[in-house]
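Residue 136 is where the sequence shown starts when you use the numbering used here, and the numbers rise one by one after that.
Source of the hints: derived by calculation from the structure; they are not laboratory data. There could be a bad hint or two in this list.
To be verified - For lysine-lysine, the following BS3-like pairs were computed, each having C-alpha atoms within a straight-line distance of at most 25 Å:
no. : residue 1 : residue 2
1   : Lys353    : Lys267
2   : Lys283    : Lys295
3   : Lys295    : Lys332
4   : Lys283    : Lys267
5   : Lys266    : Lys353
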Amino acid sequence: MTGGPQGSGVDSSANIFAGACALSGLWIFGSREYYSSIKGPHSYFEVRANSERVRSQVNNVNLLATFDAETLIRHADEVCPGGGIIYDPTFSAVEIDKVDTIEQPVVARVKDRLAKQGLPGTVAGILEEAKKRNVNLYPIPYNDIVAKTATQIGEHQLSKVSRIVNVLSVAASFAILGFDLNYLNQSIARTFGSKKKVIDMNEIGAKMAYDIARGLPKQSFSYQLKPIQNQPRLLLMGNEAVALGKIVGGCRVQTYYPITPAADESEFIESHENFDLIDGGQPGKKGSVLVTQTEDEIAAITMATGAALAGARAATSTSGPGFSLMVEGLGWAGMNEVPVVITQYSRGGPSTGQPTRHEQGD
136 MTGGPQGSGV
146 DSSANIFAGA
156 CALSGLWIFG
166 SREYYSSIKG
176 PHSYFEVRAN
186 SERVRSQVNN
196 VNLLATFDAE
206 TLIRHADEVC
216 PGGGIIYDPT
226 FSAVEIDKVD
236 TIEQPVVARV
246 KDRLAKQGLP
256 GTVAGILEEA
266 KKRNVNLYPI
276 PYNDIVAKTA
286 TQIGEHQLSK
296 VSRIVNVLSV
306 AASFAILGFD
316 LNYLNQSIAR
326 TFGSKKKVID
336 MNEIGAKMAY
346 DIARGLPKQS
356 FSYQLKPIQN
366 QPRLLLMGNE
376 AVALGKIVGG
386 CRVQTYYPIT
396 PAADESEFIE
406 SHENFDLIDG
416 GQPGKKGSVL
426 VTQTEDEIAA
436 ITMATGAALA
446 GARAATSTSG
456 PGFSLMVEGL
466 GWAGMNEVPV
476 VITQYSRGGP
486 STGQPTRHEQ
496 GD
């Protein structure tokens, strides 16, 4: 599991981790928990990797890779005995009730749990509690690594280099898991594409974090990842699988208004809107999908309906609140037997699925 503030690279770090595992032939299953906010609130991502097919998540966490104090406070107690926690030692002095993004009931519950054990209401108390449960602790000095990386690449603004902290936690994870750093470097290169400076910066920092973590005592941590030779895996997000299904199914018009978590599907289609076709087993023809971001969900359903009336295979995608706005347009399409497709990404929340934590499925 990895976690941090929304927009700090939680998704990137988990996808880089999963990508490296997939390149080595391991089976992957992941799930992410995140807010609809672009930046700020806590989010986290869980990834399972195994030499055998993985079909679901499990509750226990074997290795928690953190790059902020809040992730430690929220998730340290989920790490099973014999597992491990990667953290920056500078987090230790952070007081639990000073982390503004943690809800007060959570703060009260955690502090009460620590107080019953005679532990301080700080991250140091969280770590001591974990240690008592036979959880292995792996301190990684992120700030020192960032500073050294900045020096190596000749970058004077540390804020630009500090973005690699998420990758540092992944590199430390692989060192503790006994995994080959080359797979991580390949995954970094695939993730950042043509951004050579970004790739170099991440690889330099990753090597430092990897070496530091490898030099730490293994303690009782026994989990290891070993590659499966010549068995590369296809790694897909759920949104991407739906998008590919639409393209292969002949969808040629996709409309949408951005909404969490449906927008990823349309953005993936848009990034692959031109593609090769194989006709009778012979390549050469080209195909395309017209992707349009509309002003709202009402326009999205009516535009897709219009495209379907004109003869195109058309679709749109949305989530609960957006779907509620589509009802009249959907009713008109149904009344006139228009074959329009809607992908509804259900999310928790009362009524139309507002992005709250009260939970009530769509």
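Sort out which numbered hints this structure fails and list those numbers smallest first.
The structure breaks only hint 4.
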